[in-house]
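Number of protein chains: 2
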Amino acid sequence: MPYFDAASSAPLHPVARQALQASLDEGWADPARLYREGRRARLLLDAAREAAAEAVGCRPDELSFTGSGTQAVHSGIYGSLSGRRRVGRHLVVSAVEHSSVLHSAASHEAAGGSLAEVAVDRTGRVSPDAYAAALRPDTALAALQSANHEVGTLQPVAEVAEVCRAAGVPLFVDAAQSLAWGPVEGAWSILAASAHKWGGPAGVGLLAVRKGVRFAPQGPPDERESGRAPGFENIPAIVAAAASLRAVRAEAEAEAARLRELVDLIRARVVEVVPDVEVVGDPVRRLPHLVTFSCLYVDGETLLHELDRAEFSVSSGSSCTSSTLTPSHVLRAMGVLSEGNVRVSLPIGTPAEDVERFLDVLTWLVTAVRTKLGAPVAASGPGAAARDAGTGSGVEAGAGIAAEASDAGAEEFTVDSLGRLCPIPVIELARAMEGVPVGGVVRVLADDEAARLDIPAWCEMRDQEYLGEHPVDGGTAYRVRRRS
Amino acid sequence: MPYFDAASSAPLHPVARQALQASLDEGWADPARLYREGRRARLLLDAAREAAAEAVGCRPDELSFTGSGTQAVHSGIYGSLSGRRRVGRHLVVSAVEHSSVLHSAASHEAAGGSLAEVAVDRTGRVSPDAYAAALRPDTALAALQSANHEVGTLQPVAEVAEVCRAAGVPLFVDAAQSLAWGPVEGAWSILAASAHKWGGPAGVGLLAVRKGVRFAPQGPPDERESGRAPGFENIPAIVAAAASLRAVRAEAEAEAARLRELVDLIRARVVEVVPDVEVVGDPVRRLPHLVTFSCLYVDGETLLHELDRAEFSVSSGSSCTSSTLTPSHVLRAMGVLSEGNVRVSLPIGTPAEDVERFLDVLTWLVTAVRTKLGAPVAASGPGAAARDAGTGSGVEAGAGIAAEASDAGAEEFTVDSLGRLCPIPVIELARAMEGVPVGGVVRVLADDEAARLDIPAWCEMRDQEYLGEHPVDGGTAYRVRRRS
Numbered sequence: 001m002p003y004f005d006a007a008s009s010a011p012l013h014p015v016a017r018q019a020l021q022a023s024l025d026e027g028w029a030d031p032a033r034l035y036r037e038g039r040r041a042r043l044l045l046d047a048a049r050e051a052a053a054e055a056v057g058c059r060p061d062e063l064s065f066t067g068s069g070t071q072a073v074h075s076g077i078y079g080s081l082s083g084r085r086r087v088g089r090h091l092v093v094s095a096v097e098h099s100s101v102l103h104s105a106a107s108h109e110a111a112g113g114s115l116a117e118v119a120v121d122r123t124g125r126v127s128p129d130a131y132a133a134a135l136r137p138d139t140a141l142a143a144l145q146s147a148n149h150e151v152g153t154l155q156p157v158a159e160v161a162e163v164c165r166a167a168g169v170p171l172f173v174d175a176a177q178s179l180a181w182g183p184v185e186g187a188w189s190i191l192a193a194s195a196h197k198w199g200g201p202a203g204v205g206l207l208a209v210r211k212g213v214r215f216a217p218q219g220p221p222d223e224r225e226s227g228r229a230p231g232f233e234n235i236p237a238i239v240a241a242a243a244s245l246r247a248v249r250a251e252a253e254a255e256a257a258r259l260r261e262l263v264d265l266i267r268a269r270v271v272e273v274v275p276d277v278e279v280v281g282d283p284v285r286r287l288p289h290l291v292t293f294s295c296l297y298v299d300g301e302t303l304l305h306e307l308d309r310a311e312f313s314v315s316s317g318s319s320c321t322s323s324t325l326t327p328s329h330v331l332r333a334m335g336v337l338s339e340g341n342v343r344v345s346l347p348i349g350t351p352a353e354d355v356e357r358f359l360d361v362l363t364w365l366v367t368a369v370r371t372k373l374g375a376p377v378a379a380s381g382p383g384a385a386a387r388d389a390g391t392g393s394g395v396e397a398g399a400g401i402a403a404e405a406s407d408a409g410a411e412e413f414t415v416d417s418l419g420r421l422c423p424i425p426v427i428e429l430a431r432a433m434e435g436v437p438v439g440g441v442v443r444v445l446a447d448d449e450a451a452r453l454d455i456p457a458w459c460e461m462r463d464q465e466y467l468g469e470h471p472v473d474g475g476t477a478y479r480v481r482r483r484s
Numbered sequence: 485m486p487y488f489d490a491a492s493s494a495p496l497h498p499v500a501r502q503a504l505q506a507s508l509d510e511g512w513a514d515p516a517r518l519y520r521e522g523r524r525a526r527l528l529l530d531a532a533r534e535a536a537a538e539a540v541g542c543r544p545d546e547l548s549f550t551g552s553g554t555q556a557v558h559s560g561i562y563g564s565l566s567g568r569r570r571v572g573r574h575l576v577v578s579a580v581e582h583s584s585v586l587h588s589a590a591s592h593e594a595a596g597g598s599l600a601e602v603a604v605d606r607t608g609r610v611s612p613d614a615y616a617a618a619l620r621p622d623t624a625l626a627a628l629q630s631a632n633h634e635v636g637t638l639q640p641v642a643e644v645a646e647v648c649r650a651a652g653v654p655l656f657v658d659a660a661q662s663l664a665w666g667p668v669e670g671a672w673s674i675l676a677a678s679a680h681k682w683g684g685p686a687g688v689g690l691l692a693v694r695k696g697v698r699f700a701p702q703g704p705p706d707e708r709e710s711g712r713a714p715g716f717e718n719i720p721a722i723v724a725a726a727a728s729l730r731a732v733r734a735e736a737e738a739e740a741a742r743l744r745e746l747v748d749l750i751r752a753r754v755v756e757v758v759p760d761v762e763v764v765g766d767p768v769r770r771l772p773h774l775v776t777f778s779c780l781y782v783d784g785e786t787l788l789h790e791l792d793r794a795e796f797s798v799s800s801g802s803s804c805t806s807s808t809l810t811p812s813h814v815l816r817a818m819g820v821l822s823e824g825n826v827r828v829s830l831p832i833g834t835p836a837e838d839v840e841r842f843l844d845v846l847t848w849l850v851t852a853v854r855t856k857l858g859a860p861v862a863a864s865g866p867g868a869a870a871r872d873a874g875t876g877s878g879v880e881a882g883a884g885i886a887a888e889a890s891d892a893g894a895e896e897f898t899v900d901s902l903g904r905l906c907p908i909p910v911i912e913l914a915r916a917m918e919g920v921p922v923g924g925v926v927r928v929l930a931d932d933e934a935a936r937l938d939i940p941a942w943c944e945m946r947d948q949e950y951l952g953e954h955p956v957d958g959g960t961a962y963r964v965r966r967r968s
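Those protein sequences? They're chains H and P, same order as listed.
Take the first sequence: its position 368, counted from the start at 1, is 368 in my numbering, and no numbers get skipped.
Heads up, my numbering is the position in the second sequence plus 484, with the first residue counted as 1.
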């Protein structure tokens, strides 16, 4: 039963399990106590800290264990902001950070701080120049992930750290997605990570704060973990986290090469076997085990559900698979297609056969979903048969296509997709375009948030001219001119 | 090797270990995901929540799992204060709360809130009337522990909850020490507890917030655990915590009766075999497994060290055993002796022989420590032999006893204990008193913080008249009149 969502949480590594079980007997007492049981617990904690610090690339006394990666992020950002309060309250983050970073940033802004979001290019990557431009004399902190959690793009952390160092601004790095593969390069100041991402147990985060970085822990004082992570240390889990980090690092180079080949296979094959697919994220500077693509004219929720029925567990940034009903902020920031979005992140040890089978199943499922929705599929590829199906239940019911005179006097076709969810507005647009002459304009009325991202993305994929959007009663009108 | 510090952290319960191991395979995925592994994790989490809620006595949707008991306390107090911000910013706590509560209260005060500390009697117990008197129209929250962690005294939670209910103020209960023994009675509003106190794993706290209580989680928003505990849930540990809580509850009544007998034995025997000992805390309304006593003329650090060498692990509120070099805030609030303080908290399953042996070892060790310090030990009991030892290294070196005319013209003896640590000032006082006529006054100059608590406590134990303190160069003068 292939689990392809390691970026969300990795299965427990055998070394983590072993270390956890071995330390349950010795790691339950309070390491702050001086008696025998406390001393034993302290020894375990100290050894785990040394091992984890070596893997992070910091001194043991720079490293605290927190109760989760989220706690490490919150504590790291707030502690740094507070420690540099005298400098100012300006925070710089990238637009594609993990939600724990963006939520911290939003809270900081709500509390009166100021915030700059650095944009990314279509691969999801920031530029060091953009960070340089965003830094101000009152910038207290800059934050940048080591690698993006949704599309796998590696960020230029070392370069951005250098830019920050030159400006005297500390750099916070969320290393959650990359720490299994190696230490974060460059002169970062604060670093956060999460053990369950590398096969360690849940309940353990890492927070490294370099010596010399001004840091003022927030919340009620607590003497544990340098005051940076209140609460009784979970020592067996910490021991397991450190042991498994060492273990995955020992096999990281070989496993990265192996998984990179499997991901390359997916990247190459998915565009061959599935028509109208967009592979997103940097094709080269990326995590070895993660690939993300979006399938035009596909309902993400149905696709994930069908993949689950076929025993493949994957994740998605599509709007219809999230509780917010908006596409993921990462895909939005990148300006790429979000419908039918699938993130595949391979756990270590994934066999090649599972990947082969996944591609077969995906091909078949995408075709089936499109057929059901009556999507206008491209002529090439296995989906071609579905092209003129037209009998799907999805489109006919709500499609209202009407021609009217546009402002400029030219004929403009209106597609009323109000009240209809992704991918219907895009399907209706595509079908309408078939009946519009070159130079003609289709206006799609939609209230689904995904349309804002997916209609321009469709235009880019199809080489049609996106003219922009404007508000209308009950939603938004998106205008597209037929180019070819 | 008897471990008698269950109140600090209990050894892992066999049921916790079993449940932890059993759920490692099914509990590692993200319970927010809809695929197979996520659904399995969700099932485990839901079942654990139901079991824990039943043990707490609340609805499952009122209960959140946090990353530690400390986190539950911080989140519970801040969330309640923030939720009732419109009512006011007044917080009422007892003087003997756990440091996590008092630190939260101090942070609240530092941030501009107001704070009232309700005093306790000599047994460590608050009175509901005192809470009623402390509540104000702008009181946002009152906090009271279910049982004291240092002396075991049960608090009148149900009565205080009633007082609070009548005033429309929610009551936060820190139930960390008592939850193993039964649910907290009464109409509390918010409750916090910690799994490693009942033999569950570290890394799991409980936070219950009754429906209808205004609660605004603090910190960056996070969708997990009703927004009250950010971070990825540690499901195997949560499952183990819930399972072990059920297990300890199933045996709670019988085990409480058995341990209560052992504690009664300690309470009765310690005053027989160790002269000049004060058993502190409520003798009846108390936790079944915990007893605390203080031994006059004993250096707590040495005593704990010697007990550890004899393989008994206990805790202490003595100043010389803490990093702050002040007696515990609980003993200070109670106004009882702190020197030679020992807290014994028996884990479930403690055999009676271990307790018998502890009493033997304790008797011998206290005598040895006193002999070494040259303490003026009472005539009765095994310590009597040490009475006129006088050759101890502790006192002679620094004791400077000088007679001078006091303000009132009567002769006043001064003992200069400046620069000397507990228990030396009290030993020097006791020795000086032997040479003072009835009606005479001894003035002890000391800069050790413990003297402020222990000199009045000595007077109470010895039935001498404590006249008060006043500042002197480099410390404080404590004046005592000989009564008999």
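If you're looking for bench data, these hints aren't it; they were derived computationally from the structure.
Treat the hints with caution; some may be incorrect.
Claimed, not checked - Beta-carbon label-pair distances, calculated as ranges: (1) Arg260(H) x Leu599(P): 32 to 38 Å; (2) Glu253(H) x Ala794(P): 25 to 31 Å; (3) Asp931(P) x Arg165(H): 43 to 49 Å; (4) Ser566(P) x Glu253(H): 25 to 31 Å; (5) Gln21(H) x Asp844(P): 49 to 55 Å; (6) Glu26(H) x Ala852(P): 28 to 34 Å; (7) Ala106(H) x Ser710(P): 18 to 24 Å; (8) Pro60(H) x Asp931(P): 58 to 64 Å; (9) Pro498(P) x Ala111(H): 44 to 50 Å; (10) Arg285(H) x Pro498(P): 46 to 52 Å; (11) Glu534(P) x Glu253(H): 41 to 47 Å; (12) Arg59(H) x Ala700(P): 37 to 43 Å.
Glycine included, each C-beta is placed from N, C-alpha and C at the ideal position.
Hint-by-hint comparison with the structure:
{"no.": "1", "hint": "Arg260(H) x Leu599(P): 32 to 38 Å", "result": "violated (58 Å)"}
{"no.": "2", "hint": "Glu253(H) x Ala794(P): 25 to 31 Å", "result": "violated (52 Å)"}
{"no.": "3", "hint": "Asp931(P) x Arg165(H): 43 to 49 Å", "result": "holds (47 Å)"}
{"no.": "4", "hint": "Ser566(P) x Glu253(H): 25 to 31 Å", "result": "violated (48 Å)"}
{"no.": "5", "hint": "Gln21(H) x Asp844(P): 49 to 55 Å", "result": "violated (37 Å)"}
{"no.": "6", "hint": "Glu26(H) x Ala852(P): 28 to 34 Å", "result": "holds (30 Å)"}
{"no.": "7", "hint": "Ala106(H) x Ser710(P): 18 to 24 Å", "result": "holds (19 Å)"}
{"no.": "8", "hint": "Pro60(H) x Asp931(P): 58 to 64 Å", "result": "violated (36 Å)"}
{"no.": "9", "hint": "Pro498(P) x Ala111(H): 44 to 50 Å", "result": "holds (47 Å)"}
{"no.": "10", "hint": "Arg285(H) x Pro498(P): 46 to 52 Å", "result": "holds (50 Å)"}
{"no.": "11", "hint": "Glu534(P) x Glu253(H): 41 to 47 Å", "result": "holds (45 Å)"}
{"no.": "12", "hint": "Arg59(H) x Ala700(P): 37 to 43 Å", "result": "holds (38 Å)"}
Hint compliance for this structure: hints 1, 2, 4, 5 and 8 are not met, and every other hint is.
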